[in-house]
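A.B. asks: Read top to bottom, the protein sequences are chains A and B. Just remember that full-length UniProt numbering sits 41 ahead of the position in the first sequence, which is counted from 1. Just remember that full-length UniProt numbering sits 41 ahead of the position in the second sequence, which is counted from 1.
Hints in this document: simulated from the structure, not taken from any laboratory. For clarity, every value in this text was computed on a predicted model and none was experimentally measured. A few of these clues could be false.
Unchecked claim - Quick look at which bits of chain A chain B covers, simulated, 3 or more residues with Cβ under 8 Å: (1) 82-96; (2) 245-258; (3) 337-351; (4) 430-444; (5) 792-804; (6) 837-844.
What the hints assert, rightly or not - Ranges between beta-carbon positions, derived for each pair: (7) B:TYR57 to A:ILE789: 29 to 35 Å; (8) A:TRP79 to B:SER348: 57 to 63 Å; (9) B:THR781 to A:HIS725: 40 to 46 Å; (10) B:GLU580 to A:SER748: 35 to 41 Å; (11) B:GLN586 to A:LEU757: 43 to 49 Å; (12) A:LEU323 to B:LEU434: 54 to 60 Å; (13) A:ALA557 to B:THR781: 35 to 41 Å; (14) A:HIS725 to B:ILE854: 45 to 51 Å; (15) A:ASN787 to B:GLU730: 26 to 32 Å.
Just so it is clear, CB atoms sit at the ideal spot from N, CA and C, and this is done for glycine as well.
2 protein chains.
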Amino acid sequence: TSVESESLDYEVIENYAYREEQAQRGKLYVGYYIGVKWLFSLLIGIGTGLAAVLINISVENFAGWKYELTFSIIQKSYLAGFIVYVLFNLLLVFSSVYIVTRFAPAAAGSGIPEIKGYLNGVDTHGILLFRTLIGKILGSIGSVGSGLALGKEGPLVHTGACIASLLGQGGSTNYHLSSRWFQVFKSDRDRRDLVTCGCAAGVAAAFRAPVGGVLFALEEVTSWWRSQLMWRVFFTSAVVAVVVRTAMGWCKSGNCGHFGSGGFIIWDISDGQEDYSFSELLPMAVIGVIGGLLGALFNQLTLFITSWRRNYLHKKGNRVKIIEVCLLSMITSVISFGLPLLRSCSPCPEPEPNSDIDCPRPPGMYGNYVNDDAIRNLFSAKTVHEFSAQSLLTFLVMFYTLAVVTFGTAVPAGQFVPGIMIGSTYGRLVGMFVVSMYKKSNIEEGTSKVASMTIVSVIHISLLFRFMHLYALLGAASFLGGSMRMTVSLCVIMVEITNNLKLLPLIMLVLLISKAVGDAFNEGLYEEQARLRGIPLLESRPKNQMRKMTAKEGCGNRKLETITARDAERHMHLNEAHFYFDNHTCIFFPGCLRYPVCNVGKATLKVHQIASGALIVSLLYCCFMFEHHILLVMVHSITLQHLTDTLLIFNMWKVVCFPRVVKIADVVSILRGNKHNGFPVIDHSRNGETLVIGLILRSHLLVLLQSKVDFQHSPLPCETRGGHMPIRHNFSEFVKPVSTKGISINDIHLSSDDLEMYIDLAPFLNPSPYIVPEDMSLTKVYNLFRQLGLRHIFVVPRPSHVIGLITRKDLLIED
Amino acid sequence: TSVESESLDYEVIENYAYREEQAQRGKLYVGYYIGVKWLFSLLIGIGTGLAAVLINISVENFAGWKYELTFSIIQKSYLAGFIVYVLFNLLLVFSSVYIVTRFAPAAAGSGIPEIKGYLNGVDTHGILLFRTLIGKILGSIGSVGSGLALGKEGPLVHTGACIASLLGQGGSTNYHLSSRWFQVFKSDRDRRDLVTCGCAAGVAAAFRAPVGGVLFALEEVTSWWRSQLMWRVFFTSAVVAVVVRTAMGWCKSGNCGHFGSGGFIIWDISDGQEDYSFSELLPMAVIGVIGGLLGALFNQLTLFITSWRRNYLHKKGNRVKIIEVCLLSMITSVISFGLPLLRSCSPCPEPEPNSDIDCPRPPGMYGNYVNDDAIRNLFSAKTVHEFSAQSLLTFLVMFYTLAVVTFGTAVPAGQFVPGIMIGSTYGRLVGMFVVSMYKKSNIEEGTSKVASMTIVSVIHISLLFRFMHLYALLGAASFLGGSMRMTVSLCVIMVEITNNLKLLPLIMLVLLISKAVGDAFNEGLYEEQARLRGIPLLESRPKNQMRKMTAKEGCGNRKLETITARDAERHMHLNEAHFYFDNHTCIFFPGCLRYPVCNVGKATLKVHQIASGALIVSLLYCCFMFEHHILLVMVHSITLQHLTDTLLIFNMWKVVCFPRVVKIADVVSILRGNKHNGFPVIDHSRNGETLVIGLILRSHLLVLLQSKVDFQHSPLPCETRGGHMPIRHNFSEFVKPVSTKGISINDIHLSSDDLEMYIDLAPFLNPSPYIVPEDMSLTKVYNLFRQLGLRHIFVVPRPSHVIGLITRKDLLIED
Ligand SMILES: Nc1ncnc2c1ncn2[C@@H]1O[C@H](COP(=O)(O)OP(=O)(O)OP(=O)(O)O)[C@@H](O)[C@H]1O
Ligand SMILES: Nc1ncnc2c1ncn2[C@@H]1O[C@H](COP(=O)(O)OP(=O)(O)OP(=O)(O)O)[C@@H](O)[C@H]1O
Ligand SMILES: [Mg+2]
Ligand SMILES: [Mg+2]
């Protein structure tokens, strides 16, 4: 059930082709490279900003037309209006789900778990393609416009990442939209930097929060963050802000139809009062706890529903997905149309002409409630009387359910806006409760002091206003914190969308509590979803039990392997494969005979035959290396005992290696025989000792097999056959396009002549992969792996001597 | 001339004592540990906030008294007033410089280069002590209060870092203020995290900019940043914000004397208009360029002056330092008193009672211009007419000179506020220029269209206001950017202190330009200063030529060593020291004889004696290891030739190693013989091969030598002499206090009996330091070193085989 994914590699593969290319590069190229980097940052910003504007304008216009149409019909017939409303929504949703299921399956959902995975080092297939980008943009216009309980923020992040990745590849090769001029980013590292920019741009565009965008990207990619990258990300976010603002300025003059009411600050409450008394901290803490509970519940429910969907519903094909979403749309439409009717409209308290308090709007207008406007109302201080406690509660329950059910359907969907809606609703409820408590205590006081009555009520009204928006805001923050468990970036985003820096400590308090409460129950929404989808995210902190493990224990497949003797013989075809047995190795034969296997030196094999039952084994301390022929001997001695088909169960791990010059047939059989993506290459030095000369990647081997130009007839390394290494490849041939499957061994067809030839791997391998000694603790290995963004680490024996030490002083080289 | 400094070590030393301690820790301890971590974050926030409030209140009150006094006297006699003013300033400055020079020499200057160094991994002695903290706080009250051209922002960052570090040590041991309960942070890593918090807290307190504080800390320490740390840093900053705000609320009621006018937002211009036309981008770019130029010039001038001071002036003792500062104070007083007198007071344009435009203040009030109030004026839209172009220019030149000269004196001094003053002054100048251009073009237009005249002038007035504060702000940003070269954090700080998010793109544009212009000339202010002080900062990006170097070429002291044969004999006293010669090694004898030295195998030494002139040398490919006796043989053959005192010049590098069990006398002689801080420990395995078993730190060796409890009489490892390793140390004994010199080998006194004993190093060494193969490119080594915050890396030969591979899947262990 897990999505196909592949690790990214932050390491620079310093092979011959790379060094060749580096040597050719002059100062000019470096300048060009830096220029393109910044140009791309600019383009990502502009692209993401425009995408956001496009989505916003389309959604608002669709919603506007919908309401215009519905209202004009409602005047004549209520039912007809209702039907038109439902159909309109259905149409939008259908277009969205159709596009997604038919053309861009990877565009479903929010995309944030996948992007998080990408930034963490795992590339999920299909996630950053051109079609996904188009599907995401068009799909989210449909799904958001139709009024489903979802938002456009997550999809915008994905959109930004797609734009960045496509730029990084120099366009889409599938659609012949690429340009060689822009193909300067050939390493995963450069691309990941661009995607980081795109991700930040998406957040910046979604919330019009540039700093929040930077911090969002930062929180997700803290492991490989550099100051220069930060500045570039910041630049991209600022560009987005400029683009969005310019577009909105243009829209203000009425060029964008129904769109045009938004300011740059989404939910500006900067004019609210800023003081709060310490006694208010209690209700705020309560909001935090509620947020943590509801958020954790949300994660758990969505996890159940999504896994059920994946395992049962969505296996039945696209048709089911389409029907599901359409049904959901109808239910949502009915509720959003019907909910306002249930509510009794409380009359406006005082019909003052000058009053800031808006009169509640007529029923039938809840409508597109997942909307900036609705949130603005929930947060706003002016709409004190608009919502009664009962209607808020109804709304909360309904909306929560809808949000849970809508999550995981096959349309682009973000969880930020639903989260904010849910959170601000219960925030308002708590606020109301506090106000009524306050009122009560004041009235009790008031009866004794009739004179001060009017002053108290004046204070009270102003407090009331404040409570409303402040508590709604805190509620929203708490729910998002309880569900997504982001901290700093969420904080800053909340500050930026409300344009009120003074609330920072309160938001932070609430977030601290809600995150802590949520963490007690489960992981964050995105982590849970990523795990469900089989995206192997590495957390920033190593697990506790790693402290007690060594690198050797951590590596390889440590499960017991079951191999028949015949299997073992098959393995022996691998010319140079090495087999290691550690000191716990035993070979069990049925019949309770145990043969401890020792090798002393390198070519002898002692099989102490111990009587049945007796099994004292004292193996040597270190690992034993079995050469090919030794295993043969062993298996031979087994076959002698007529045990050809018996099971050899042993706790064996073997590293699949390549010799420096390898027969093509061996390469093919090794690549067919396993799914590993990296292989050590071993060479024999002159005095007969083996030497690890590097790491070769499966993808590079496949490129070599496909091109065939490096095949040779002689089994000798090329430089021994005279002079310079012939380089027939340039570096860019080895670059795998992002998010595609790449070639597989089964796509490659080789003649039997080809199979008899050899290839010298030395020019193509990564000559210096990172190595760790076998007894380094796994915590350290984890840090190394995660901090440097690696894909492979070699575990090697302790070195015999130290050639030199590198300290800070050695690295202080002046230019 | 360089300050004494020592590297920090981010690595966990997983020695026996550590593992013992880890094993003893239960769940409860982990909870306690986390609790203390957060408690400390809280305390750091509170402490730094209070320190900031204390400094603010004192400074404002001193300034207030000073002006009250001066004014009251000025009514009677101008001269007497002047003298009182000068004396008052002198008194404040003297107290400051006296405290600094006598008690806390490390408190001089801003402290940011040192803190930057600390976060980069270098601990400068004395920088984080209790006395430094006290000196910094008291000193900056004096220096800022006296009106010198410096600010309190840098010192506040240092203050925050000191508070954090002292907390991390559980108090100050020197002053018996420590508590065992809080001594849970024993590794450099934990302490560095705390100092990061403190650093952010300092910025947050100085600018009342919590997000800016976080980003400042982040920009300086991007290499070892983790999400959890970010959240903690953020928390600390928020606490600071709360503390500062609460204190200011308290002050508003008049409890703090002259202090009380400040709002939470320092220079609030949030009510300014936000629109700008594209044609304004040109003057803004000009501001950026000016900022870059002036900033770079500032760096260069201060660099010259500081190095001159260090090399000549300050060598003459504290008295010179004191006199210098006092002189400066007098000059500053004279200028600040006299400057306003030069200026002709332009009369208020319209004496409207309701006008927002303040009338310029009477002369004699420039006074404490390095002040929030002055900046508020420079930024403010209300003070359009206060400054004439000429007076601004005079001010700019004067102040720039003063700021340059004041930098580097022996008082606590920050460069932010002077930078903002300078920047906003020329920003205003550019603004004025733009306005006059605008006016001219408008009048030209206006003569043709007399009717629209009034409207134009209305627009013009509002524009005028805007120009003033906007351009001043941009000027400030540009100068800081051009001098300090910070990017993101500066941007956010500027946004936060002006409370105007909408200016972000403009500030960013200006910063981009000024940083680029400045970078063309020199490095940032703090980097230059750090280099001058000999703080070896590692940049985040490896140098270009490292790409072509291998780890082997990078390590050790690769300079040609000149050793006499007698020297070589002295080296041989080191029992187990290994000497390596690489393939370029030659031994030159005077008289043009060249002896290529080869070792084949391990115990033979061939000295091909080649006739004078002939020098074809073909050494083996890899490094050669010389055992002790081999070198002896070699030297012997030299002495035979009566060359005892001739020079052996060879490109040799030797790694000073220890055997596992080592004689105390050898330890002492090795430690005396060099200044290295880490030594590989080599053991002999059973089959006679050597094996690197770990790294021992000099500081740990010194602790062992001092305590003597682990000395033994037998030269055998402890476990061979029966059973368990006896652990007589706990982990905390090995912890070196921050910023102190620690013990030195000369402090340790050993009897001759002691010297004859042995010590087994195995339980105390770090068993798994990071290793890199000899031909890894130095770029990669650099990344490894810097990203993981290491102190030592071993360069080892290529491994002979791979025991296992670690990939992402292997690290996905479930709890
Ligand atoms: N050459 C090899 N020889 C032996 N075991 C290997 C080899 N390469 C990888 N392994 C082991 O096989 C398992 C899966 O390896 P694989 O190369 O697929 O890595 P992965 O974690 O799936 O990451 P990715 O495939 O995305 O690079 C891991 O446990 C790894 O230790
Ligand atoms: N045990 C050793 N044997 C040989 N050379 C060493 C040894 N330790 C360090 N060196 C070399 O000596 C130089 C200085 O070493 P030192 O240990 O003082 O490190 P450093 O860079 O000064 O950092 P710090 O002293 O702050 O840890 C470096 O070039 C280093 O490579
Ligand atoms: Mg795999
Ligand atoms: Mg040193």
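A.B. asks: Now tell me if each hint is right for this structure.
C.D. replies: A quick look at each hint next to the structure:
1. 82-96: That given contact is violated, which follows from only 0 residues of the region 82-96 of chain A lying within Cβ reach (below 8 Å) of chain B.
2. 245-258: Check passed, 3 qualifying residues.
3. 337-351: Our answer is that it is violated, as 0 residues pass the Cβ test (under 8 Å) against chain B, missing three.
4. 430-444: Three-residue rule not met by the region 430-444 of chain A, so violated; n is 0.
5. 792-804: violated (count 0)
6. 837-844: holds (count 8)
7. B:TYR57 to A:ILE789: 29 to 35 Å: 53 Å, violated
8. A:TRP79 to B:SER348: 57 to 63 Å: 35 Å, violated
9. B:THR781 to A:HIS725: 40 to 46 Å: At 53 Å between Cβs, range violated.
10. B:GLU580 to A:SER748: 35 to 41 Å: Holds - the Cβ-Cβ distance for B:GLU580 and A:SER748, about 39 Å, lies within 35 to 41 Å.
11. B:GLN586 to A:LEU757: 43 to 49 Å: With a Cβ separation near 35 Å, B:GLN586 and A:LEU757 fall outside 43 to 49 Å, so the hint is violated.
12. A:LEU323 to B:LEU434: 54 to 60 Å: With a Cβ separation near 57 Å, A:LEU323 and B:LEU434 satisfy 54 to 60 Å, so the hint holds.
13. A:ALA557 to B:THR781: 35 to 41 Å: 37 Å, holds
14. A:HIS725 to B:ILE854: 45 to 51 Å: Distance hint for A:HIS725, B:ILE854 is violated at roughly 36 Å.
15. A:ASN787 to B:GLU730: 26 to 32 Å: Between A:ASN787 and B:GLU730, where Cβ atoms are some 45 Å apart, the hint is violated.
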